[in-house]
Amino acid sequence: MLKRSLLIGAIGSSLLSLAVPAAEHPVYTPLPVAVVESFRGLPLQDGGRVKPFDTVARFTLLRLSGKRSVRIGEGRAARVSATEWMAQALLFPERIMDWPLFVVDSSEVVVAIGVEAHAKKRSRFSYNELAAVRERLFTLASDYIALDAKLRSVHQTSVLNLGQNVSDFERLIHTLDVARGRFTLTPAMFPEIVTSDVEMNVSEFLHIFPLLRERLRDQIGDGELPEDNPALNGLTEILGTLSQGMSFGVFLHTTPPDDPDDGAWLAPSELVDRFLSAGTLSAQAATHLAALVALVEAGENGAALAVAAATLQRTVRSAAQARGELRHIDMETHLYSGDYFFRSLFWYLIAFIAVACSWLLPPRPKTSRLSRMVGWSITLTPLAIATVLLIAGITLRCIIRGRPPVTNLYETILFITAVSVLVSVVIEWIVRDRIAISLAPVLGAAGMFLANKYELKEAVDTMPSLVAVLDTNFWLSTHVTCITTGYAAGLLAGALGHLYILGKLFGFKRDDAAFYSSVTRMTYGVFCFGLFFAFVGTMLGGVWANYSWGRFWGWDPKENGALMIVLWHLIVIHARMGGFIRDFGIAACAVFGAAIVAFSWWGVNLLGVGLHSYGFTSGIARALTIYWCIEAVIILLGLAWRARHKA
Amino acid sequence: MGVLMIKEASLRKTARIIESVLALLGSYGLAVIILSFQLILTFLGTIAQTNQGLYLVQKKYFDSFFFMQPLYGPLAIPLPGGYLLMLLLFYNLLIGGIIRAPRRLRQPGMLIAHGGILFLLISGFVSHHFSLNGGMQLFEGESAAEFSSFNDWTIEVQRQVGDTITVYHLPQHHLMSAQGGHERTFIADDLPVDITVASYAVNCVPLPAREAMLSAAVDGFYLQTLPGAAESEQNVPGAYVLLSEKGGGPTHSAVVWGRERAPYATTINGEQWRVAMVHQTWPLPFRIVLDKFTVKLHPNTGMAKVFLSDVTKIEGRSSESIKITMNEPFRYKGYTLFQSSWGPPDAPAGARLYSGFAVVKNPVDHWPLYACIIVSIGLLIHFFQRLAAHLRAGRASC
Chain A
222 MLKRSLLIGA IGSSLLSLAV PAAEHPVYTP LPVAVVESFR GLPLQDGGRV
272 KPFDTVARFT LLRLSGKRSV RIGEGRAARV SATEWMAQAL LFPERIMDWP
322 LFVVDSSEVV VAIGVEAHAK KRSRFSYNEL AAVRERLFTL ASDYIALDAK
372 LRSVHQTSVL NLGQNVSDFE RLIHTLDVAR GRFTLTPAMF PEIVTSDVEM
422 NVSEFLHIFP LLRERLRDQI GDGELPEDNP ALNGLTEILG TLSQGMSFGV
472 FLHTTPPDDP DDGAWLAPSE LVDRFLSAGT LSAQAATHLA ALVALVEAGE
522 NGAALAVAAA TLQRTVRSAA QARGELRHID METHLYSGDY FFRSLFWYLI
572 AFIAVACSWL LPPRPKTSRL SRMVGWSITL TPLAIATVLL IAGITLRCII
622 RGRPPVTNLY ETILFITAVS VLVSVVIEWI VRDRIAISLA PVLGAAGMFL
672 ANKYELKEAV DTMPSLVAVL DTNFWLSTHV TCITTGYAAG LLAGALGHLY
722 ILGKLFGFKR DDAAFYSSVT RMTYGVFCFG LFFAFVGTML GGVWANYSWG
772 RFWGWDPKEN GALMIVLWHL IVIHARMGGF IRDFGIAACA VFGAAIVAFS
822 WWGVNLLGVG LHSYGFTSGI ARALTIYWCI EAVIILLGLA WRARHKA
Chain B
2 MGVLMIKEAS LRKTARIIES VLALLGSYGL AVIILSFQLI LTFLGTIAQT
52 NQGLYLVQKK YFDSFFFMQP LYGPLAIPLP GGYLLMLLLF YNLLIGGIIR
102 APRRLRQPGM LIAHGGILFL LISGFVSHHF SLNGGMQLFE GESAAEFSSF
152 NDWTIEVQRQ VGDTITVYHL PQHHLMSAQG GHERTFIADD LPVDITVASY
202 AVNCVPLPAR EAMLSAAVDG FYLQTLPGAA ESEQNVPGAY VLLSEKGGGP
252 THSAVVWGRE RAPYATTING EQWRVAMVHQ TWPLPFRIVL DKFTVKLHPN
302 TGMAKVFLSD VTKIEGRSSE SIKITMNEPF RYKGYTLFQS SWGPPDAPAG
352 ARLYSGFAVV KNPVDHWPLY ACIIVSIGLL IHFFQRLAAH LRAGRASC
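Chains A and B are the protein sequences, given in the same order. For the first sequence, counting from 1, position 440 maps to 661 in this note's numbering; every step adds exactly one. For the second sequence, counting from 1, position 315 maps to 316 in this note's numbering; every step adds exactly one.
Calculated from the structure, these hints are not laboratory results. Honestly, I wouldn't trust all of these hints.
What the hints assert, rightly or not - The calculated DSBU-like cross-link candidates involving lysine-lysine, where the alpha carbons are at most 35 Å apart (straight line), are:
#1 678/A x 314/B
#2 371/A x 306/B
#3 288/A x 341/A
#4 674/A x 8/B
#5 61/B x 362/B
#6 730/A x 678/A
#7 306/B x 674/A
#8 60/B x 247/B
#9 60/B x 371/A
#10 342/A x 730/A
#11 293/B x 314/B
#12 678/A x 371/A
#13 324/B x 306/B
#14 678/A x 288/A
#15 725/A x 341/A
#16 371/A x 341/A
#17 293/B x 247/B
#18 314/B x 324/B
#19 297/B x 371/A
#20 293/B x 306/B
#21 371/A x 61/B
#22 288/A x 306/B
#23 314/B x 297/B
#24 371/A x 342/A
#25 306/B x 334/B
#26 306/B x 678/A
#27 288/A x 674/A
Small disclaimer: the values here were computed from a predicted structure and weren't measured.
Go ahead and model the full structure; you've got the sequences and the hints to work with.
And the structure:
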């Protein structure tokens with residue numbers, strides 16, 4: 222796709238006609254709210270599924286700029302939502318040419334493509350800035366795409382991504398080109414049809430085209446094509462212009478097909494393409510095209526634009542509804558506009574502060590029942606709000622997709638966070654010593670922070686279509702949920718281990734042996750809980766593989782990662798039973814166990830080998846290495862403390 | 002009396018030694034050591050897959066008794082392989098279980114869980130040694146009543162007398178001793194020839210012989226040995242084969258290679274003989290015909306949503322229509338056919354596609370599931386027992 226789009230980009234010099242000299246400060250002309258709202262709930266097909274315009278806009282903008290909105294100018298300048306940005310890109314591309322969109326992380330890339338550098342190292346360039354170096358950018362990207370992906374440097378990958386982003390942007394802004402076309406029929410071409418020059422849009426032209434074709438046949442007959450026939454020359458020119466409008470490729474699939482068995486929606490240019498190849502356009506397709514034409518013809522007239530956008534939305538939604546593809550569009554729009562996971566992060570942070578304050582309260586016997594209840598309410602309310610938001614978000618995702626909670630890496634983060642928080646709450650309910658409940662908001666905040674960072678880094682739809690092998694709700698709901706619950710337990714045990722070691726290192730509750738004894742018991746209990754789910758999850762994965770591919774165990778990296786977690790749990794439990802480790806040993810093993818979970822969860826995805834190719838990822842090696850180094854330092858410091866303590 | 006006492010003391014000493022050995026073999030300490038080595042092995046075997054193929058890694062790390070782990074440059078240390086560790090774990094579990102069983106009667110969950118793991122290890126052993134794994138690729142309209150190994154090759158020798166064809170196989174594990182310039186001769190009383198295989202190479206390519214190589218060449222070609230491919234399926238073996246007529250008759254030399262389009266053919270005493278290097282194949286007790294193969298992509302993407310094979314199983318005079326798709330294999334008479342792949346890779350739209358099936362005959366097909374259920378039940382019983390005890394203790398302290 223990139224090769225094709227780069228090729229298109231390379232020949233598409235007319236694109237630069239949109240590029241105008243960069244303004245000092247980008248101008249922002251807002252779209253009417255009604256127009257933005259109509260676009261927000263407009264269904265589109267993207268990545269194999271029907272989703273709201275809003276979702277496509279969010280992830281496209283995220284990929285281009287690394288942000289969920291566009292900030293124009295400095296200070297308290299307007300923030301433009303992703304939906305409005307994409308609507309502007311479709312309707313008024315010339316307005317956004319100076320908007321700072323394309324994120325460039327490294328100065329090496331800036332030097333390589335020759336664009337004028339900004340003051341900041343990581344900055345966003347406008348299309349107009351990049352248009353000046355577009356040819357060099359595409360040449361470099363074409364060179365780098367030929368390299369083996371594993372051998373590409375970070376800088377080469379950045380150039381390639383930038384080239385892809387610019388190419389995507391160009392395809393986006395030319396999406397409605399076919400709807401913008403205006404054609405003139407002259408009396409010289411068809412004297413029997415028009416008596417004076419008649420200008421028409423593409424919708425009108427396609428409507429009249431069968432008649433024009435008939436008349437042309439009448440004029441030419443069966444003989445050779447005449448060179449100087451005005452009708453033939455005029456139609457050839459119009460069709461050439463139409464084809465040019467289609468040559469920039471396809472970015473958005475806006476129109477549901479007529480055939481209920483045909484799953485592929487059509488882009489505006491494909492509507493015209495289909496007409497040109499089939500000679501006719503169905504009534505539904507013609508209505509869609511007319512709605513798109515009305516949209517671009519409304520121009521700056523806000524009221525007309527609002528009516529056209531509403532008409533388009535109504536037309537597409539009604540066609541999608543008839544196909545049964547509209548069911549969860551509004552729910553998905555609500556999920557993203559509700560910002561469940563970001564709000565959850567916010568409430569976990571509040572909960573953490575509340576829990577930290579609760580440690581300042583005097584111990585149990587010294588406080589009244591009422592004050593304890595008030596303290597608990599203040600502590601637990603933000604935690605409960607955060608967890609409810611998280612679980613509600615996960616539930617909405619399950620309903621939208623019709624799938625169990627975990628089908629991809631992003632969802633593992635959400636699920637693991639929810640499980641570790643809930644398990645902490647259950648432990649607190651059993652033990653009631655404010656230890657586990659103190660960890661819950663930390664784990665919750667860390668998990669939601671990670672989910673947010675992962676979404677930003679990947680910048681792709683987090684509810685993608687599933688590969689064929691994952692198309693089984695039974696195994697997704699058994700094997701995958703079990704194994705991720707095992708991960709959650711491993712991480713929770715690791716958190717408890719950190720609490721023990723760091724507590725000892727910093728002298729926290731130095732004389733409170735019961736505190737550390739309780740932490741150890743909890744850690745061991747979570748280990749046992751984790752062993753059950755890690756073991757059953759790993760075994761069920763084997764059974765799934767046996768029933769899908771014919772082998773129980775294939776030593777695939779992802780399988781091995783899961784096995785390593787099981788083995789580590791077994792080692793710790795047997796070492797404890799054999800008396801080889803005690804309180805400190807369990808804590809240190811829990812920290813090491815969390816590092817193994819990180820290897821299984823993220824590390825094996827970096828290897829880029831094995832059957833679990835749908836889980837491969839990149840660009841996290843550094844973060845992961847830093848995490849392992851920190852864990853190693855904590856264990857070593859703990860061992861040093863232990864040695865000194867023994868001495 | 003004195004002799005009796007000495008014997009008794011000696012017996013006691015022997016019993017103590019046996020007891021100590023059994024205690025060691027069934028100890029937690031040994032369990033921790035075995036599991037730790039298994040953990041290290043799994044980690045090394047995982048990392049090794051980035052530059053070695055899965056098959057090679059599996060053979061080196063997981064199917065072996067010992068292996069040499071490179072450290073730095075030529076430095077390497079021996080480590081126990083997966084097969085040895087599994088054996089040790091089995092005995093550790095078995096002996097530990099027997100020794101500790103009386104004490105664990107109050108904790109039946111642990112006994113059940115350990116029994117389940119023993120069962121799992123046994124199923125792994127049986128599956129490793131007695132299952133057959135292979136595949137078949139069919140275009141629409143094609144049929145097959147046999148399946149081929151992905152990794153194992155054999156030299157197939159056909160002897161045709163009139164219309165009767167007798168097929169002899171020289172399987173790969175017999176050919177391995179003929180590697181590296183060695184040779185191995187296969188003799189049978191009822192055959193008019195002795196078959197010698199020389200310089201078997203796991204991965205090689207036939208090349209026209211240069212002058213210096215002419216002495217080793219056959220029909221102007223010699224086999225250039227290549228390093229093993231990362232994925233073992235990509236290896237193409239070859240060998241020199243010599244058919245020596247008994248009683249000092251003439252010899253017939255051939256180069257056989259896995260990608261040769263036609264077998265080597267010759268006439269011996271008026272009989273037609275053909276020799277070829279082919280994948281090891283096994284017959285199926287039924288025939289499979291691919292009627293229709295469907296690939297559905299997620300709309301406007303290149304990602305497969307469904308691939309589905311409509312096949313007919315023919316057995317004797319009866320036939321049955323079956324659908325085989327991802328996660329829904331076809332099981333019959335101990336054989337299981339899985340929808341595993343399709344191709345050719347990068348086939349243009351509208352091109353004729355083949356459907357790839359993995360075929361497995363595994364006598365312990367469902368045992369891992371049974372083991373999983375047993376272990377799960379055991380662990381659940383144990384952990385609930387412990388949780389209940391903990392809660393009771395908590396209530397008592399309140």
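Hint-by-hint comparison with the structure:
Straight-line distance between C-alpha atoms of residue 678/A and residue 314/B comes to about 49 Å, which puts the hinted pair past the 35 Å bound. As the CA atoms of residue 371/A and residue 306/B are separated by approximately 27 Å, the hinted pair is consistent with the 35 Å bound. Note on residue 288/A and residue 341/A: the hinted pairing holds, with a Cα-Cα distance of about 16 Å set against a maximum of 35 Å. Restraint check for residue 674/A and residue 8/B: the C-alpha separation of about 75 Å exceeds 35 Å, so the hint is violated.
About 24 Å separates the Cα atoms of residue 61/B and residue 362/B, which keeps this hinted pair within 35 Å; it holds. For the suggested pair residue 730/A and residue 678/A, the alpha carbons sit about 40 Å apart, so the restraint of at most 35 Å is broken. This hinted pair checks out: residue 306/B and residue 674/A have alpha carbons roughly 29 Å apart, not beyond 35 Å. Of the pairs offered as hints, the one joining residue 60/B and residue 247/B is violated, with about 39 Å between alpha carbons and a cut-off of 35 Å exceeded.
About 26 Å separates the Cα atoms of residue 60/B and residue 371/A, which keeps this hinted pair within 35 Å; it holds. The hinted pair formed by residue 342/A and residue 730/A fails the criterion: a straight-line CA distance of about 45 Å is larger than 35 Å. Distance hint between residue 293/B and residue 314/B is fulfilled; the C-alpha atoms sit about 13 Å from each other, no more than 35 Å. The hinted pair formed by residue 678/A and residue 371/A meets the criterion: a straight-line CA distance of about 19 Å does not exceed 35 Å.
In summary, the hint linking residue 324/B to residue 306/B is supported, as the alpha carbons are separated by about 16 Å, within the 35 Å threshold. Restraint check: the Cα-Cα separation between residue 678/A and residue 288/A comes to about 10 Å, which is no more than 35 Å; the hinted pair holds. Under the criterion of a C-alpha separation no larger than 35 Å, the hint pairing residue 725/A with residue 341/A is inconsistent with the structure, at around 43 Å. For a cut-off of 35 Å, the pair hint linking residue 371/A to residue 341/A stands: about 29 Å separates their Cα positions.
Our distance criterion of 35 Å between C-alpha atoms is broken by residue 293/B and residue 247/B, whose separation comes to about 51 Å. Restraint check: the Cα-Cα separation between residue 314/B and residue 324/B comes to about 10 Å, which is no more than 35 Å; the hinted pair holds. For the hint pairing residue 297/B with residue 371/A, the CA-to-CA distance comes to about 30 Å; that is within 35 Å, so the pair holds. About 17 Å separates the Cα atoms of residue 293/B and residue 306/B, which keeps this hinted pair within 35 Å; it holds.
Annotation: proposed proximity of residue 371/A to residue 61/B holds, straight-line Cα distance about 25 Å (limit 35 Å). The straight-line distance between the Cα atoms of residue 288/A and residue 306/B is roughly 31 Å, inside the 35 Å bound, and the hint therefore holds. Taking the CA atoms of residue 314/B and residue 297/B, the gap is about 24 Å. The hint holds against a cut of 35 Å. A hinted pair counts as satisfied when its Cα atoms are at most 35 Å apart, and residue 371/A with residue 342/A qualifies at roughly 26 Å.
For the suggested pair residue 306/B and residue 334/B, the alpha carbons sit about 30 Å apart, so the restraint of at most 35 Å is met. Restraint check for residue 306/B and residue 678/A: satisfied, since their Cα atoms lie roughly 26 Å apart, inside the 35 Å limit. About 11 Å separates the Cα atoms of residue 288/A and residue 674/A, which keeps this hinted pair within 35 Å; it holds.
The structure does not agree with the numbered hints 1, 4, 6, 8, 10, 15 and 17 stated previously, though it agrees with the rest.
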